[in-house]
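S.K.: As a plain string of letters, each chain reads:
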Amino acid sequence: MTTTTAAVGGHAVSVAPAARPKARRSWAWLGVVPFFAFILLFLVVPAVSVFSEALKNEDGSFGFGSMKAAFQGQNFDAFVFSVKFSAGAALVGVVVGTLLAYAAATATRPRWLRNLVTSFSGVAANLGGLPLAFAFLALLGRQGLLTKILANFGWDIYNGNFNLGPKGLGEVPGLITVYSYFNIPLMVLITLPAIDGLKASWREASSNLGGTSFTYWRRVGIPVLTPSLLGGFLLLFANSFSAYATAKILTDNSKIVSLRLGLFLGGDISVGKDAIGYSLAAWMIIIMAVSMGLYWVLRKRAEKWQT
Amino acid sequence: MLRKKYLTAVALAVGVSMTAASCGSDKKTESTSAATTATTAAATPTTAAATETTAESTETTAEATETTAEATETTAEATETTAEATETTAGAEGGADLAQLQADCKEEGAVNLIALPDEWANYKGIIADFAEKNPGVKHDVANPEGSSKDEMDAVETLAGQDDQPDIVDVSPAIAQAMVDKGLFEPYTPTVADEIPEGLKDPDDNWYAAYYGIIAITTNTTIVKNAPKTFADLLKPEYKGLVALNGDPRESGSAFAGVMAASLANGGSADDILPGIQFFADLKASGNLIGTDVTKATVLSGETPIAIDWSYNVPGLKSALEEAGLTVEVNFPSDGVYGGFYGQGVIKDSPHPACGKLWEEHILSDDGALGYLAGGAMPARYQALLDKGLVTDELKANLPPDELIAEISFLTPAQIAANNETLQTNWGPMVSDS
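Protein chains in written order, with my numbering: chain A, 1 to 307; chain B, 308 to 740.
All the given hints hold, so there is nothing to weed out.
Here are some, though not all, of the chain A residues that point toward chain B, as calculated from beta-carbon distances under 10 angstroms:
id, residue
1, F81
2, N253
3, L259
Don't read these hints as lab results, they were simulated from the structure.
For every residue, glycine included, the Cβ atom is placed at its ideal position computed from N, Cα and C.
This is chain B alone, in the form it adopts within the complex (with noise of 0.2 angstroms):
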């Protein structure tokens, strides 16, 4: 095993003599090389990316991950980009670590997933991409319907063992409380400076490779004449319909629906309360009914309207078509609210460079594209936008482009005051009233 990874890390640095290193001096059957190949090959695109890339290498990129079955394509195109990235091998360090991180997560193995359920913002298709960029490399998801809270108590629990997570995808409140207790190891991946402020730790603790704001799903096949607005959901034909994702003391998207609420009606990032009064009102015409949103209360109809993060309805189109339901998408323009997850790396997990090479694979081209398929907001959206990566076909699932410049984030700050008047309010002016 160390005989390879150290001739898959001189492959790269190497270049054109890479094919013939690794095919000739290893005792490997054929098709156990050709992998090798391929994963070196799909390294490529991601290291070329990474450093300051022309148009003419980007193309390059999406050519090799689609054809990494072809082994002599793959290579000949590979061959050309490493050239590239040799310059940037001799002065930084970025690229080689790229390749190094995906030989030593070869070794490790496995990479301890949490928490990320196949709807949301494209996690399938993501983690699918992963998986065939990493062959061999395992990547099973513990508790997929887990909550933030959940990732950390599993950290904590776990550590010092296989199955403790390697990353974590948590809410800013939690991200925030993990970072105080010390649980993540820095890293600063390689497109950091990509990713805006707001949606990084000062410190590398972890950066947030999407963001969503709040959307107001109308399930037409029951509700014929869909809700646009917050202001629209109080109208009386709306009674009995409308569902929020969670509790807000709980749920990080109920929060968002409370803040966006909040924002609609007066309200701003520092006061919530306009938007539990509205909740309130909601509850007290008897709209708003008491059932979280989950993919069998969205599909039963039992919840035809859902107040939740957009990116959570691309996931669940191929379910809807099947059970013969349509949808309709609104982005209430009255209460725009972004929210963010951020991923951070474990300090002492069971497999460091998988949990890196995850946090470079969400952060990476690739990744961001596989977000932006699931309806969520890439925080390197602008440097897709550059690369003319954001296809008309993409820009469908996305709120329209004056929201998106509308969208701000709260500061950890914001979010605790919030979460301290939802924990007085809540219960006694809507949930339990």
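The shape of chain A in the complex, shown without the other chains (with noise of 0.2 angstroms):
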């Protein structure tokens, strides 16, 4: 294609503007096939799939009947239990995170601080999972190294008057501290470039007119902030929402629901409950789609106020 424009641009400038977009609108779709093959392999066809499975009734036939019944008693218990706990992680991490990006990016020394900063998150913001659950397991469950060490200090974790409970990190405010541990690093990652766009001169501006730092949070900054700080918040509890393989290892607790989906979709008891468990599923898709279409709608609003 530029070799075509090189030979045709010297000699008739008309003629090129015409063969460009032609020749553009034959190929340039191809840039996208990739995302578009991507979203229809791993997001469309198996959430249609899901959908397709969730929407039957006992009996197997179409209808709403495992939809209504993943939505009832201790199913519906668990979604409640599983929205709210996963908002009280993501709330911890975003408050926590915020704060550290807020310091990371306005600490001028030493100057290695952000770097490290950002680049530890980066690494913290993946390690979920498995490695995670055991790492802390080694660390503060039963047998775990800190534990054994503040044993021979006296403080047992574990049995003593100020412990974790019978769970341990199985426990909600347990799971929040592990869950934390990926959440806090990635809204470090969401919220550094934010922080980072709160110009110097904005405070400026609010100190010339009077403004304490006070006013400035309330009326500059925060404001400012508020459409990341809802992204992350949503991304947060996106993520806690969803994670598996952490609370797998932690804890018994089967009002989480990805735990739940489980006691339908696998073992060596339960025959003949596929639909609940895809309606499980279907009904957390339902639920991220909602808070992602409440998000656009208050970035929208917060976007408007910015301007």
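Assemble the dimeric complex from its two separately framed chains, guided by the hints.
M.R.: Have a look at this one:
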């Protein structure tokens, strides 16, 4: 294409613009083929198959029976718990992550601090699942290194006065702590650019107009950051809501929907309840879709406010 | 290939001419024909075992297996046994079938196994034994830690593909579901008569090669005074130490653990609720921890007291010794619950002969002894006793005889009913409370 244009470009100016769009029209879409193929294979096809398996009654006929059953009784309780739990985990991540990102962004020295924080966050944000769970068990599990060291000093974190609870890391506070290990770094990565976007001149302007630090944050800082904070919250929510391996190792709590799925889809005992398992997955997709939709609405409003 | 198959079949029928035929007429190198002879010889003991044998031939069987390497010796012995087998071949089809199976399987070249963990009931040893007897037959285990449901799903989703499982090892509930779906190819193993009722499908869809009872395994490096019964587990000294192998709504071994606890607390085969209550109490006292029992958690000491099938411990022995840990296995006398896993050949699987051969293998004397070595009760336990094959050393891993006598199995209907109760109550009473 380039050679043709070069050859033509010299003598016939009128031809070149006509030829160019034509060539572009026929080949440009190739660039997005991998993207759409990816979306189709890894998002659309699985989602469609989940829904097609979920929309079945108990006898296997088409209907909403399983979808209904998956959103009733204990299953419904599980959704309520999971949403609350994931929101809690996300909130911790957002608050701590943003503060950490702000600290890293504004600290002028030592100079290497910021690089260290970002590269560590890049690694830690991706360290989830089994390795993380086992790392925690090795440290704070019943026979964990730290557990044993503390026990030597007379603090039994499992049976003492101040303890992790009978399930230790499997309790809600334990799980949130563990989840924070991938949520906080992820939040740092997401908000650092946004915090960098807060121009020093805005602050100066606020001060010049007699604003305090509080006014600056209330009127300028927070509103500007809101879209990214909300985005971060929803991402962390999704991250926690869908986490499976970490929770699977640490807890037997079947109120976590991603674990609950296994009761219907896997195992040695349950038979013929696949549709309910798929329905749980379908509801998870719906919840994620709703929260993403909500995010878009909020973000649009926040952006309008911003300009 | 066809030619060789034909030769092997003839060789077995004729008996004495076997070695001459397969050595002489094939253009293969010496080592290949030696291997062929070894395989055929290995088949013969199984054949002999299949038919009602005398004590004398059983001895030969043991010898033949050990000395497969020495071709000449084996051949000599094989000749003897085959002579005996020929008699039965004339009348029944059993003997010839096995040899034929082995030849056919050799041609198929692979058996697709699934969900057989190395540590589970000594599957590592049983597979190694199969490999030794069937050189050249690939024996990969797909998804070794998979559940019975995973196995059924694999059979359904991989239908028509080369990697569809040829045979499965599934819990009774899933076995029944697979029967209902018509996924099995009914096959009557040669030793079918020696397998007690309750351990086989009335229509030959599956046979259970082994069963086990629930045991309490204690890491005595961490817990000095091991609990011996379910009642013991409630003692305050075991706070934060007791683990169940999975979620009973999902895992067969955990289900068995709750059933056993139920029997220990006034429940029955039709009533699992006292078992659920027991675990609720155990949880309330802080004794029960919410971690699944796996090899990793046993070795790390994360699950110091594990309620699990007794046959999951011997497989860990070497790893435990390496880690410097000692364990004590107690069979709770207050709650004896037996459970089995059924094996059935899959209909239209990629290697039908190998699937059947594997079933014959796990049901054979050697297969049964393999399970015994892993602490599992082979379905043909009585037959092995009658043959005097159960040594004291093998008995060491087994529950005491009086407990073995107490073992009974649930019907699929009872399992389904108890599962319903679990689905409703386990979450609110135990795991999510």
